[in-house]
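A.B. asks: Taken in sequence, the protein lines are chains A, B and C. Following the working numbering, the numbering of the first sequence begins with 1069 at its first residue and continues without gaps. Following the working numbering, the numbering of the second sequence begins with 1069 at its first residue and continues without gaps. Following the working numbering, the numbering of the third sequence begins with 45 at its first residue and continues without gaps.
In short, the hints are calculated from the structure, not lab data. Here a beta-carbon is modelled for each residue, glycine too, at the ideal position from N, C-alpha and C. A couple of the hints might just be wrong.
On the chain C side, residues computed to face chain B include the following (Cβ under 8 Å) [stated by the list, open to error]: (1) MET170; (2) LYS176; (3) ASP189; (4) VAL193; (5) PHE196; (6) LEU198; (7) ILE199; (8) ARG203; (9) THR204; (10) ARG208; (11) TYR234; (12) LYS238; (13) PRO242.
In silico negatives: residues of chain B with every beta carbon more than 12 Å from chain C [unchecked claim]: (14) ASN1086; (15) ASP1087; (16) SER1101; (17) THR1115; (18) LEU1116; (19) GLU1153; (20) ALA1168; (21) LEU1178; (22) ASP1180; (23) LEU1194; (24) PRO1211; (25) ARG1218; (26) LEU1232; (27) ARG1234; (28) GLU1237.
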Amino acid sequence: MESNELRSAIEAILFVSNDPVKVDDLVAAFDESPETITAQLDAIKKTLDANLGGFVLEQAAGGWRLATRAEHDPILKKFFAKKGESRLSIAALETLAIVAYRQPITAPELSDIRGVNSTAVLRTLLERRMIRVSGRKEVVGSPFLYRTTREFLVHFGLNDIRDLPRLEEFGDLIGEPINEDVVAAISDHVMLSREDDEASQPEILRSAQDDVDDVKSTRDQHE
Amino acid sequence: MESNELRSAIEAILFVSNDPVKVDDLVAAFDESPETITAQLDAIKKTLDANLGGFVLEQAAGGWRLATRAEHDPILKKFFAKKGESRLSIAALETLAIVAYRQPITAPELSDIRGVNSTAVLRTLLERRMIRVSGRKEVVGSPFLYRTTREFLVHFGLNDIRDLPRLEEFGDLIGEPINEDVVAAISDHVMLSREDDEASQPEILRSAQDDVDDVKSTRDQHE
Amino acid sequence: MTEEEKELGGESSYNVTVPTFHGPLDLLLHLIKKNEVDVYDIPIALITDQFNEYLDAMEELDLEIAADYIYMAALLIHIKSKMLLPRDETMEEVEDPRQELVDRLLEYQRFKSVAESFAELDVVRMGMWSRKATSLPGADGSEIDMSEVSLFDLIDAFRTALNRYKISHPQALELQRLVHKVSDKMAELYERLKEKSPIRLQWFLEGRDRNELIAIFLGMLELVRLGGISLKQADTFGDILVAKTQTEMDQSTFALFDNA
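Isolated chain A, as found in the complex (with noise of 0.2 Å):
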């Protein structure tokens, strides 16, 4: 197939795609070889990337998908007058997390880590789509166990649950700020704009400091 008509009739599958679209789809389709597809497809994502126009290319979950960019959330929530999805509770972000590094697990061993009752928080990430349940464990009570899904790896633009960091790179010592490093390489896809910096930022670092005076306040009226 000639270049031009080629990558034009990727962009058409893209386009109409709801999941992300896998190279190997594409070579079965169009019956070229994975390298030319991938040439198309980086092609793609650069030209989108130059323009700044309304969306970009971006792999996830072991496909490519196109998607808007985050600094036109504002603007998309107030034409669909839509609230948009409620951030991820802290107790869903943990008990995420574990099942990431942990999976397959099992609601009483998650539990068991977290130091407390999994259960509510589990469903709400089951309604997120954000895990899954993958079977039995052969245990007494034989419990579910849980796995993150295609979703969990789109949602947080990885390509692959191997993606994540090694759980030993995140801060071992108490009280040691997170490794600025490890928080760059997962956010390295994630295209912050200056607006979207400024403004999440200072959030999650107000939203520590209230728990810090929180304490302090319930201390000074127990004394």
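Assemble chains B and C onto chain A, guided by the hints.
C.D. replies: The following block gives chains B and C in isolation, referenced to the frame of chain A:
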């Protein structure tokens, strides 16, 4: 708003929306004049037309929408037909769920529970090898009895049909306990699976054998 | 309340001044950090006291203290008492009683760090919209990719079917309920056990139709709950034996269970 920014924001909206986007709605969202908005839409349309890319901007039903070009229809059909083989409709999933929990079950019984004729869906599930025929019911008309297959178990990570979530476990998973009256009305051995253990054991072994036979006969047909 | 609100003890209400921790380990990490102590050498007496102070504060504010915290408080006291025991100097390499807790804290700390980086990604990535799901060429209506269909979807679909059935068959449900009364089945089982106990459950169930079995099953559960009977199963797939207990049941109360 700066012209380039406005343009890429409009692109983002067009990208996300399935329905034609109305100029008036864009005017309201951006607080810009209809002329400005229309000029941007025209510019987007011209660029896309010139690129001969995967999609174009077209006017339809009183609005604007991005759509693939007609010449890509064959490749899109080809690509998604292949993908379609691994997709299940909601009706099929529901039917599968009822077969799983009420097996063995006949088509009339199933249609009765679902309130709609389910013959076509059963055929899809047979083709996907999620269910199989396990005999005939000894009633008028001797309808076929359907059961889930071993592939079904493998897909859902179950070793045995008795590993399906029990009703009392539904609450943990989907947050809504099942009304027992309803189950009493439609259900066979869901609640009794524990007591049924002895009875169903040989049956399950037998069904595994049927499965093997099924595979054989299908292969014979193919060859 | 949402899962989070529950866990946080209702954070959405105003003027909440109690810090919100995501469990006892989170609280412990906080105390270690605040006291600037070495996690490998936790001053267990100090930390235990502060941990309990926190629980007291919660109690004063009438907040429900989750069992997980109480369990941790007990564990801390246990470790503290072990620390007070004289060390056997002849034995080398005595395991530090704090070791297991330290390991858990470190592991939890790592996951907390992962969660923090997930939180940042969550914010940014949530702002990246994909196209709204469209029905794909050649597909009729909404479809799910088979590889992503899990047990959750399956039972969710089952629930949907049941709910629809319930709405379209109100009389059927009414009839079912009248045919087999739970109270009758409770009485029948109890009478049988008065004659002979224990009996094999399988034997009692034989020849019953499905709906009757369900009534029996429910009645049996009630009897177990009331302490009038007990169930025993020697091995996994073995016979289930039903036996009468010492507790005498007042059979006139059985009728109470029909409208449950």
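A.B. asks: Can you name, in rising order, the numbers of the hints this structure does not satisfy?
C.D. replies: As far as the earlier hints go, 1, 11, 12, 13, 14, 15, 19, 20, 21, 22, 26, 27 and 28 are violated by this structure, in ascending order.
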